[in-house]
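Undergrad: Start from chain A and add chain B according to the hints.
Protein chains in written order, with my numbering: chain A, 1 to 114; chain B, 1 to 114.
Do not take every clue at face value.
As the list claims (entries may be wrong) - Label pairs and their calculated CB-CB ranges:
hint	chain 1	residue 1	chain 2	residue 2	range
1	B	42	A	68	16 to 26 Å
2	B	112	A	45	21 to 31 Å
3	B	14	A	16	40 to 50 Å
4	B	16	A	98	22 to 32 Å
5	A	100	B	69	18 to 28 Å
Calculated directly from the structure, the hints in this document are not laboratory data.
Just so you know, even glycine gets a beta-carbon here, dropped at the ideal spot from N, CA and C.
Spelled out from the first residue to the last, the chains are:
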Amino acid sequence: GNSVTQMEGPVTLSEEAFLTINCTYTATGYPSLFWYVQYPGEGLQLLLKATKADDKGSNKGFEATYRKETTSFHLEKGSVQVSDSAVYFCALPSITDSWGKFQFGAGTQVVVTP
Amino acid sequence: DGGITQSPKYLFRKEGQNVTLSCEQNLNHDAMYWYRQDPGQGLRLIYYSQIVNDFQKGDIAEGYSVSREKKESFPLTVTSAQKNPTAFYLCASRSRQETNYGYTFGSGTRLTVV
Numbered sequence: 001g002n003s004v005t006q007m008e009g010p011v012t013l014s015e016e017a018f019l020t021i022n023c024t025y026t027a028t029g030y031p032s033l034f035w036y037v038q039y040p041g042e043g044l045q046l047l048l049k050a051t052k053a054d055d056k057g058s059n060k061g062f063e064a065t066y067r068k069e070t071t072s073f074h075l076e077k078g079s080v081q082v083s084d085s086a087v088y089f090c091a092l093p094s095i096t097d098s099w100g101k102f103q104f105g106a107g108t109q110v111v112v113t114p
Numbered sequence: 001d002g003g004i005t006q007s008p009k010y011l012f013r014k015e016g017q018n019v020t021l022s023c024e025q026n027l028n029h030d031a032m033y034w035y036r037q038d039p040g041q042g043l044r045l046i047y048y049s050q051i052v053n054d055f056q057k058g059d060i061a062e063g064y065s066v067s068r069e070k071k072e073s074f075p076l077t078v079t080s081a082q083k084n085p086t087a088f089y090l091c092a093s094r095s096r097q098e099t100n101y102g103y104t105f106g107s108g109t110r111l112t113v114v
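So that you can see chain A by itself, here it is in the shape it has in the complex (with noise of 0.2 Å):
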């Protein structure tokens, strides 16, 4: 089945930092690719998705390009604040052209200091 890494954390940055969060995949064909936020205490929220090869997803100043040449979903943010300080979690299906379960990277906390 399909298969997502991403890179562990913490990581931590100043407020109006760039930030980077990467995510590989391994998958048959094009799946959709997610990225979902956790703020503390709360569950999953869905940040962005891409659903074929080449788009951009987009939301909260957060993009992520699916990249096919490099199997890569990597999440950004050009100017971060405090308030993004979460949990993020890169996900893609299971299985290719399924609508069943997901397959969820071990997610990477950011921690943004004033």
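TA: Structure of chain B alone, referenced to chain A:
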């Protein structure tokens, strides 16, 4: 507004007790999932169900049980056979028709053994 409701938010269990975590959705989603999250860890799949009256074991089903008698509901019972149940439990759902939308998560239940 549609969504997933998990209750209770906090739950305390004595050793040897069974406890049931509630998960209800009004999104008309076909599939529902239970995940366990330990501090600083990723998500581990406990059970999932893609249709009423049917469910499958995930990666860590031992010590847990579920039922899916209604489309809207997918309760999880943590039995006394689960030796280390203290964790954060997340319920999620997904639509068969909206495969590009990924999962919708509840806000979680934090279970503590006392």
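Undergrad: If a hint holds in the structure, say so; if it doesn't, say that too.
TA: Tested hints:
1. 42/B / 68/A: 16 to 26 Å: Holds - the Cβ-Cβ distance for residue 42/B and residue 68/A, about 25 Å, lies within 16 to 26 Å.
2. 112/B / 45/A: 21 to 31 Å: holds (24 Å)
3. 14/B / 16/A: 40 to 50 Å: holds (48 Å)
4. 16/B / 98/A: 22 to 32 Å: Cβ of residue 16/B to Cβ of residue 98/A: about 39 Å, so the range 22 to 32 Å is violated.
5. 100/A / 69/B: 18 to 28 Å: holds (21 Å)
Of the numbered hints listed earlier, the single one contradicted by the structure is hint 4.
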